[in-house]
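S.K.: Residues per chain, in single letters:
Protein chains: 2
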Amino acid sequence: MEKTDILIVGGSAAGVTAAVTVRRYYPQSKITLIRKEEKVLIPCGIPYIFGTLGSPEKNLIPDTVLSKNSISLIIDEVTFINKDDKAITTSNGKTIKYEKLVLATGSLPLVPPVPGVELDNVFTVKKDVGYLTELLQALEKAKDVVIIGGGFIGLEFADECKKRKNLNNVTVIELLPHCLLLACDDEICIRVEKKLSERGIKILSNKRAEAILGKKMVEYVKLDNGQKLKADIVILGIGVIPNVKLARESGLKFNEKEGIWVDDFMRTSDESIFACGDCVQKRCYLSGVATAIRLASQATTEARIAGANLFGVRRRMDCAIGIFSTCFGDLAIGSAGITESRAGELGIGVVTAEVAAPDKHPGSIPGAQELGVKLLFEKDTGLLLGGQVYGGKSVGELTNFIGSMIQNKMRADEVCTFQIGTHPMLTASPVAYQVVNAAQIAVVKMRKG
Amino acid sequence: MEKTDILIVGGSAAGVTAAVTVRRYYPQSKITLIRKEEKVLIPCGIPYIFGTLGSPEKNLIPDTVLSKNSISLIIDEVTFINKDDKAITTSNGKTIKYEKLVLATGSLPLVPPVPGVELDNVFTVKKDVGYLTELLQALEKAKDVVIIGGGFIGLEFADECKKRKNLNNVTVIELLPHCLLLACDDEICIRVEKKLSERGIKILSNKRAEAILGKKMVEYVKLDNGQKLKADIVILGIGVIPNVKLARESGLKFNEKEGIWVDDFMRTSDESIFACGDCVQKRCYLSGVATAIRLASQATTEARIAGANLFGVRRRMDCAIGIFSTCFGDLAIGSAGITESRAGELGIGVVTAEVAAPDKHPGSIPGAQELGVKLLFEKDTGLLLGGQVYGGKSVGELTNFIGSMIQNKMRADEVCTFQIGTHPMLTASPVAYQVVNAAQIAVVKMRKG
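Just so you know, the sequences run in chain order A and B. Quick note: the first sequence, position 66, residue 66 per the working numbering, numbers continuous. Quick note: the second sequence, position 6, residue 455 per the working numbering, numbers continuous.
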C-alpha cells in the first residue's frame, strides 16, 4: 500500500496551488497529486484554444510546476475515500494512505434539460483535451455555430469562434434581457453586446432554446419564439455545477448544488480532509448566502488557505467577493463585488457614480481609449460594495485594484482621497482619474440625500 | 475691487482639482482660478511633447474643465496676499478679495550649481509653452543632446528625444550608481538602463557634470572624470523645488526646501488659506520626515482634501506614500511605497520576495511579456511597505493596486490570501499571480527567520 503525507485530488488551478502552498510550508513532506487527466487545461484559457491559440496543447498547465516542487504525480481516478483508514482507492485498484487529503475535484458543465442535447456536435465546455480536440475538429468543418448561454464563457467562445474564417454564423442565445447580467449592470452588458455585434456575432437575448433538432447530428436550434437557427455545432455555456461525486460517495457533508461543505479554514466535515476550488461551497460577502462564484482565481485563493492550514490553522477564508475580467477585441471589462441590480434584489440601498475618461493622458496619446468606472456604495455607510469597469488592457489590474478596496472595506470618502500613481502612457490623468472621481461624486450625492 | 468666494492660485493639476472639488460641494459659490500661464501644460506629459506628441499644444489641460464647472479664469500673476484684508494683488495691479484662498503654486526646476548653466541651449523642464516650444525648435536642429539627471523625467526626455530622427546622440548623466535609484531598487534600475541602451541611449552613471562649456551656445559637457561630451542641447532634469515665493512674500509659514507648511487638513498658517500640490511640504508615511514626492497624482490627492475642507474640516491628509509608474517602449515600471535601500537607510528590517511570470496566460497568448513584482514587508510585523513592478501596460494600475494595499496597511499573510480576478488576455494566471505569490514567499521567509 502506498503512503503519502499529503494527497491532493485534482490537478487544475486549485489542486496545483494547494500542492505548491503545502510545499512552501513543508519542504520535507511527501506530497502527491492525483488527477485523472493525462494533461490539464488552463481553465480560463479554454475559449482561446479555438481562435487565438489554435490547439488545446497550447493551453496546458505545465507539469513542471509539480516536478520543480517535488510533488509526485499520479494519473488515476480516486473512486472512494475511506475516512477511517485515511486512505483512498482508485479506479486502477490502487490504495494510497494519507495524513491529510485535499479535494480539488472542480466542477462539471451544466447540461440544460433541453431535448436534443444528446445529438452529435452538441458540446459542453468540458475541461478535457480529447473532448476539446473533437470540438476543434468539428469547428474546422462547420459553417454555423450556436452558443447557448451568454455568460462570459459563452461570449468568449463566440468571439474566438468568430476568428475562424470558415464559419458563417456565430449566434449566442441568452435567456435574460442581456448577456453577462449576472456579473455586470445593463450599461456594460449593452456595451459588450454592441462590440460583439460589430465583430459579426449575433446575439439573441430574452430567448430560450426550446429544442436542439437533428437526426444524428445537430441541424437546428429551435427558440421559444418558434425561430429555427441553422447549427452545425451547438456549444452549451450555461455554467457549471460543483463536482461532488467523490465527496458524496465517501460520506462527506455536501450540497448537490452548492458544493462540498467547508468551514472558514477550508476543512470538510472530516478533520483530515480539506477542500478548495470549484467543488466547494462559497458564500457571498454581502448576503452570506450561497453564491456561484466559480472562478479559477477564487479557487486559488481558497487553495492558498487550505494548503496553509493542513497541520494547524493559519488562515481564514473570507466570503467570496467575485472579481472577474474579460475582453473582446479592444474592449475589456471587469467587475468586482456586487452589481446595482443584485444590491436591489438584496434590498441594499446604494449610491452609484460613473466616470469615463481616456485611459492615457492627454487623450491624444496613441492608443488611448475611453475607460469608464462605475462604483457602487452602500447608501447608509458609504461602504464600497462593487465596481465595474470598461476600457483597454489595464482593466484587469484596475478591477483588482477595486477588488482590493472592497476587501479592505473602504468607504467613499476614503476612496476619493486615495493616493494614486498616474502616467501619460499607462493611466488616466490624475485630475480625471476615474476611481477617485466616481467616489467623489458619490460622496456629494450621499450628502444630498 | 473684485470679490470672489474662493480663489485658487495656480492652474495645474492641484489648482484645477481643488477648484473642481470645491465646486462639487458648493454649487452656488463664486470660484475663481487665477494663473499666470495663458495655457497650462499637463505636467507628466511634458517629455512626450518631444517625440510622441510633437507639440506643446497637444499636451494642454483643457480650460473646458473650468468652464464646465463655472469656474472663472483670470490670467495674471498674484504678487502678494494681504492676509488681514483677505485680498490678493496681482502684477497687473488688480486686487481681489476672497473668503478662502487655495495656493497651488507648484514647483520650479532645480538648477544645479554647474558653471555654464546660463549658456544658450541649456534648458530646464520649465512648465511653460513658449519655453518648451523653444526647446522643441532647438531639438529640431540638434545632433547631440546631453541630459543631466537620470530620474524618471530625465529618462523620459531621453527616450522621447531618441525618437527624433535628426539626433545622433542622446546621453544621460547620472550622479548615483544607477538611474532611478531614488524610486526603485537596483534590479529595476538596471532593467531600465538596459532597455534604454537597447534603444540607443547612452547612460553614464556614477558621473558628475562638472561644467557646461561653450561660448554663447553650449558646445560640450565636461564630466568629473575629464570626459568631454559634445552637446548642442543640454537638458537639466535633476528635480524640482517648491515654489514658495508668494508664501514667503506674504508671510506664511514655509520652508525653502520642503515647501509651504500645512496641517493635516491642508491649511496653511493662515486659517483662510489652504495649499496643495508641489508647493507644499510632504511627509514620508513611514519615517514622518520631509519627503520630495512631487508627483501630479499626489498633488491631486492633496487638492481633493484641501478643496473639501475649506469651510469645515471633512478630510485628513495621510502622509505621502509615493506611487509612480513610467514606461520606455514596451517596458513599463512602477513603484509604490519605499524601496529596500531606503528601508535600510531608515533602519527598518525588511523581508523581500520577488516573483516573475507572464502577464497573460498561457504565456503563448500573443503579446504576453514577463511581469515581475518585488514586495517589501516589515520583518517584525509583516506590514507591506513597498512594491516594485516591471512589465507591460498593466503596470500602471498594478502599481495602484499595490499602493492600495500599502495604504490599507495590509500584512503579508493578508496579501497572499487576497481575492483576485484573472483573465488570459489581461493578467497572469491565478496560479502564478505575482503579488500573492510574492507575499506567500515572504510569509514563509518570515517564519524561518
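Please keep in mind that the hints were generated in silico from the structure rather than gathered at the bench. A hint or two may mislead.
What the hints assert, rightly or not - Just so you have them, the derived chain B footprint on chain A, three or more residues with Cβ under 8 Å:
| # | stretch |
| --- | --- |
| 1 | 67-74 |
| 2 | 218-225 |
| 3 | 254-262 |
| 4 | 344-358 |
To be verified - To list a few chain B residues with every Cβ distance to chain A over 12 Å, as calculated:
| # | residue |
| --- | --- |
| 5 | Thr466 |
| 6 | Leu557 |
| 7 | Tyr580 |
| 8 | Asp593 |
| 9 | Thr775 |
| 10 | Val844 |
| 11 | Lys858 |
Bear in mind the structure is a predicted one, so any value in this text is a computation, not a measurement. The beta-carbon is built from N, C-alpha and C at its ideal position, and this holds for glycine as well.
S.K.: Hint by hint, say whether it matches the structure.
M.R.: Going down the list of hints, with the structure as the test:
no.	hint	result
1	67-74	violated (count 0)
2	218-225	violated (count 0)
3	254-262	violated (count 0)
4	344-358	violated (count 0)
5	Thr466	5 Å, violated
6	Leu557	20 Å, holds
7	Tyr580	19 Å, holds
8	Asp593	26 Å, holds
9	Thr775	5 Å, violated
10	Val844	6 Å, violated
11	Lys858	9 Å, violated
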